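Letter by letter, the chains look like this.
2 protein chains.
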Amino acid sequence: MSNCIIAQSGGPTSVINSSVVGLINGNKKLKAFDKVYGGLNGIEGILNKNIIDLSSIDEHNIQNFRYTPSSGLGSCRYKLKNSKDSSEEYERLIQILKEYDITAFFYVGGNDSMDTTAKLSEYAKINNIDITFIGIPKTIDNDLVYTDHTPGFGSAAKFITTSVLETYLDSSVYVNNGIFILETMGRDTGWLAASACIARINNKPVADFIYLPESVFDEEQFLKDVKERFNKQNKVYIVVSEGIKNKEGKFVSEFECISNDKFGHAQLGGVGQYLREIILKCGITTRVKALELGILQRCAMHCASGRDLEEAHKVGYLALEYALQGESGKMVAIKRNDNTEYKASYFLVDANKVANNVKYFPVEWINEEGNFVTKEAFSYFEPLIEGIPTLNLENNLPKYKVFNN
Amino acid sequence: MSNCIIAQSGGPTSVINSSVVGLINGNKKLKAFDKVYGGLNGIEGILNKNIIDLSSIDEHNIQNFRYTPSSGLGSCRYKLKNSKDSSEEYERLIQILKEYDITAFFYVGGNDSMDTTAKLSEYAKINNIDITFIGIPKTIDNDLVYTDHTPGFGSAAKFITTSVLETYLDSSVYVNNGIFILETMGRDTGWLAASACIARINNKPVADFIYLPESVFDEEQFLKDVKERFNKQNKVYIVVSEGIKNKEGKFVSEFECISNDKFGHAQLGGVGQYLREIILKCGITTRVKALELGILQRCAMHCASGRDLEEAHKVGYLALEYALQGESGKMVAIKRNDNTEYKASYFLVDANKVANNVKYFPVEWINEEGNFVTKEAFSYFEPLIEGIPTLNLENNLPKYKVFNN
Numbered sequence: 001m002s003n004c005i006i007a008q009s010g011g012p013t014s015v016i017n018s019s020v021v022g023l024i025n026g027n028k029k030l031k032a033f034d035k036v037y038g039g040l041n042g043i044e045g046i047l048n049k050n051i052i053d054l055s056s057i058d059e060h061n062i063q064n065f066r067y068t069p070s071s072g073l074g075s076c077r078y079k080l081k082n083s084k085d086s087s088e089e090y091e092r093l094i095q096i097l098k099e100y101d102i103t104a105f106f107y108v109g110g111n112d113s114m115d116t117t118a119k120l121s122e123y124a125k126i127n128n129i130d131i132t133f134i135g136i137p138k139t140i141d142n143d144l145v146y147t148d149h150t151p152g153f154g155s156a157a158k159f160i161t162t163s164v165l166e167t168y169l170d171s172s173v174y175v176n177n178g179i180f181i182l183e184t185m186g187r188d189t190g191w192l193a194a195s196a197c198i199a200r201i202n203n204k205p206v207a208d209f210i211y212l213p214e215s216v217f218d219e220e221q222f223l224k225d226v227k228e229r230f231n232k233q234n235k236v237y238i239v240v241s242e243g244i245k246n247k248e249g250k251f252v253s254e255f256e257c258i259s260n261d262k263f264g265h266a267q268l269g270g271v272g273q274y275l276r277e278i279i280l281k282c283g284i285t286t287r288v289k290a291l292e293l294g295i296l297q298r299c300a301m302h303c304a305s306g307r308d309l310e311e312a313h314k315v316g317y318l319a320l321e322y323a324l325q326g327e328s329g330k331m332v333a334i335k336r337n338d339n340t341e342y343k344a345s346y347f348l349v350d351a352n353k354v355a356n357n358v359k360y361f362p363v364e365w366i367n368e369e370g371n372f373v374t375k376e377a378f379s380y381f382e383p384l385i386e387g388i389p390t391l392n393l394e395n396n397l398p399k400y401k402v403f404n405n
Numbered sequence: 001m002s003n004c005i006i007a008q009s010g011g012p013t014s015v016i017n018s019s020v021v022g023l024i025n026g027n028k029k030l031k032a033f034d035k036v037y038g039g040l041n042g043i044e045g046i047l048n049k050n051i052i053d054l055s056s057i058d059e060h061n062i063q064n065f066r067y068t069p070s071s072g073l074g075s076c077r078y079k080l081k082n083s084k085d086s087s088e089e090y091e092r093l094i095q096i097l098k099e100y101d102i103t104a105f106f107y108v109g110g111n112d113s114m115d116t117t118a119k120l121s122e123y124a125k126i127n128n129i130d131i132t133f134i135g136i137p138k139t140i141d142n143d144l145v146y147t148d149h150t151p152g153f154g155s156a157a158k159f160i161t162t163s164v165l166e167t168y169l170d171s172s173v174y175v176n177n178g179i180f181i182l183e184t185m186g187r188d189t190g191w192l193a194a195s196a197c198i199a200r201i202n203n204k205p206v207a208d209f210i211y212l213p214e215s216v217f218d219e220e221q222f223l224k225d226v227k228e229r230f231n232k233q234n235k236v237y238i239v240v241s242e243g244i245k246n247k248e249g250k251f252v253s254e255f256e257c258i259s260n261d262k263f264g265h266a267q268l269g270g271v272g273q274y275l276r277e278i279i280l281k282c283g284i285t286t287r288v289k290a291l292e293l294g295i296l297q298r299c300a301m302h303c304a305s306g307r308d309l310e311e312a313h314k315v316g317y318l319a320l321e322y323a324l325q326g327e328s329g330k331m332v333a334i335k336r337n338d339n340t341e342y343k344a345s346y347f348l349v350d351a352n353k354v355a356n357n358v359k360y361f362p363v364e365w366i367n368e369e370g371n372f373v374t375k376e377a378f379s380y381f382e383p384l385i386e387g388i389p390t391l392n393l394e395n396n397l398p399k400y401k402v403f404n405n
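Just so you know, the protein sequences line up as chains Y and Z, in that order. Residues 1 to 405, numbered by our numbering, are exactly what the first sequence covers, in order. Residues 1 to 405, numbered by our numbering, are exactly what the second sequence covers, in order.
Hints were generated in silico from the structure; no laboratory data involved. Take these hints with a grain of salt, some might be off.
Identical chains share a label here; the pair holds if one copy fits it or two copies do between them.
[Claimed, not checked] The calculated lysine to any residue pairs, modelled on SDA-like cross-linking and capped at a C-alpha distance of 20 Å, are:
| no. | residue 1 | residue 2 |
| --- | --- | --- |
| 1 | Lys359 | Gly306 |
| 2 | Lys204 | Pro398 |
| 3 | Lys289 | Gly270 |
| 4 | Lys335 | Arg77 |
| 5 | Lys399 | Pro389 |
| 6 | Lys399 | Gly306 |
| 7 | Lys204 | Asn395 |
| 8 | Lys399 | Ile388 |
| 9 | Lys31 | Glu386 |
| 10 | Lys289 | Asn64 |
| 11 | Lys35 | Asn3 |
As the structure is a computational prediction, the values presented were derived from the model and not from experiment.
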C-alpha cells in the first residue's frame, strides 16, 4: 500500500485540526493508506521535508489535537507560481512525495489553498503523475463559493455571538450608559459581523446596528442613526466588520495618525476605534467604547460550535473517501438540505472554481437602511453554532496538543 | 418580620449576581426576612426608589440570573459624602429603607462600596437606627485587603489564562512567527496579568514575559529582553497589565497621538499598542500584534470559574447569616486554609479597613528581572480557576437574565 499526506495552510481556525483527525480516522476505518503523513507548515514545510508520521501517534494525543485550536501542523502563506512559468517547485514537491511513496495529497485551507490544490492536480494530470490532490475547506471568513458554509466559521460565529451577549450586558449596567462598538474580522465579507444578529435577549437582538463590507458605509447616515437611537434608549450597541468601505470604495479603517512622541507616523486602531472617534467628535456622548475581537474569534476553542467541529471532522473523513474513488483537483463542500430541520450533505466541487471566487454576504439579506440584516440571515446562522465540545483538561485549563512546536 | 435589601455597585463581574442569589437562597433557608428587595443601580437607584421584590421571582429566572454576567440589578459609581458634611442623602436613604420596613442592607462591590457600607453603618450607629449594613466583596481586580482573593477575580483569571493558551497557539503557526502582546485590565495592581503564568503547554508557561504595575517598567531593558528572546526562539509572547508605570511613576499608556484628519488630538490605544510601537521602532521584527482583552475578561461567563461562582454565592449567603447575628459595618472575607488541598473559610473584616486600602501583587512574587512571577504565584492562582459552570441555553447561546433592563 502507498501513503498519503495532509497539510494546513492560511489563517488558523478552531476546527482545522479536527479535519486532520477526520482524515486519520477515515484511514483507520477504511485502511486505504499505510501511513498518514503530516506536512508541517504547509507546502513550504513539505518542500523542506518537514514531514511527520501522524498514523503512529497514540489515540490520546490525537484526541487532544482534535480539540485544539490553531493550525497544529503549522501553516504557511505560500503561493505556487504557475507551473508553465516555473515548474521547479512542482518537480521538487512531486519528487519528495514519491520519495515518501505518497499517492494522495490533502490540503486544508481557503482560497489560496484551493488554488494550490488545483494547480498541483493539473500539473500531475498533464505529466501523468499518479498522485491525487484533494482540498478540504477551512476559513472563519465563510467566503468560499459553492459550499453552504466553511468549517471554522460556526465556531468563530459562536464566540462572536456569545461575546456580543456578554459585552452587551456588561455595557448596560449604569443609569447613564454609553455606546459600545464591537469590531469583528472580515476584510472582504460580512459573514462574521452579520452572525451577531442571533445574539438575543427576550427574543430581541441586542445589537442595534450591524455594518458589513457588502453595503456602502455612509458616515453621515451612521451618525444620524446612532444619535437617534441613543436619544431613544440611552445606549447603543454596534457591530462592525473590519472591512467596511465608504462610497469611494476605500476602507473606512484606512486612517493614519501621528503620535506626538518619537514615532512619527503610525497606524493605530481599526475601524471600531475610528467609529468611536467620529461619535465623540459628533458629541453624541462621551461614553464610547470600542473593542476589537482580533484573533480571539478564530481560536476560542473553549467556545467552539460542536456542529462545526463535527463537520470539520466529516470533510476530512470524506476527502479520504473521495481520493480512494480517484477524484483529484476537487474540494469537499457542504450542502444544506432544504428542510426545516438542519441537515447537511457533502459533495465535490472543482478546486479552481473555489480558488478564484469570493462568496459575499447576500445583499438581499441586508435591510434597506444598510444597518442590519434580514430574517433570512437569522435562519442561516442559527444552526451553525449548535453544540458544545467537551474538552480534556489539565490543571483546569484545556489540554491542547500541537505538532508544529 | 422585617425585610432586607441588596444592591450592586462599581464595575461588573461574571459572578456578582451569584452573590445576590446566595443571599436570596440564604433567606429561603433561614427565613430571616419577609422579603428580599433588590435596589436597582445601587445607592443611586435606591435613592430614587428603584426597588424590586427579588423574593417573588420564580426559581427558573433566579437560576438564569445566578449564571448571568454583569450587574443584573444595575450598578452605579456613587460616592456618599461624609455624613458630617452633608447628612441629607443619609436621611433620605434611611427614610426609604424604613418605608420598605428594611432592617438589613447588603452592598456588593469593591473599595468604594465598602466605603459606603462603613459610612452608612457608622451613621446608623450614631443615630440609633436599627439597620444593619454588610458588605459583600466583588472585583475582578483582586485588590481588596484582608480577603485572600475577591469573587470575580477567579473567573476573569480563567478567561485570561484560557485566552493566553489559545492566542499563543494561534500566533505560533508560521515558520516566521512574530511577537504577540496581550493587554489585561489592572490599572493599579497586577493580579490579572500575573494570573497568565498558569497558562502552560507541556508544563512550560507559554508567556515569555509578564509586566505588572508593582514593578517599574524599564523600556530599554524591555526591548533588550524581547530582542534576545526573539532571536533565540523566533517568537515572543508578552502579557502586560494596563497599569504599568515607568520610573517617573507615569503610566506607560499615557501617550497621545494626533490623527492626520479632522480630529486633532485623540488618545488611541493602550499600553499593548504602545509596546507594539516601540518594538516596531526598535526593528526587532515587523510582525507584532497587540490585543486588548477589554471588558471581555470581566463578563465571559461562558468561561467562568466554577469555584469563583460557588464562593460568590457563599459570601452572599453568609452575609445574611452575619446580619442575623447583629453584625454591621463589616465585609465578608475569604481565608485560604494552610493545607495542600485548597479549602476556604470565611470571616468578617471592618468595611472601613477595606475601603481605604489596596492589596498589591506581592513584590516578592516578582522575579529579579521584573519580567515574570515566581512559583508562589502559580500556587496562589491555580485553585481559583477550578470548575466549569453548566449554563442554561436558548438557541444554543447562554440564556441570561437581568433585572435592570
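| Which numbered conditions among the earlier hints are violated in the structure presented, ordered from lowest to highest? | 1, 4, 9 and 10
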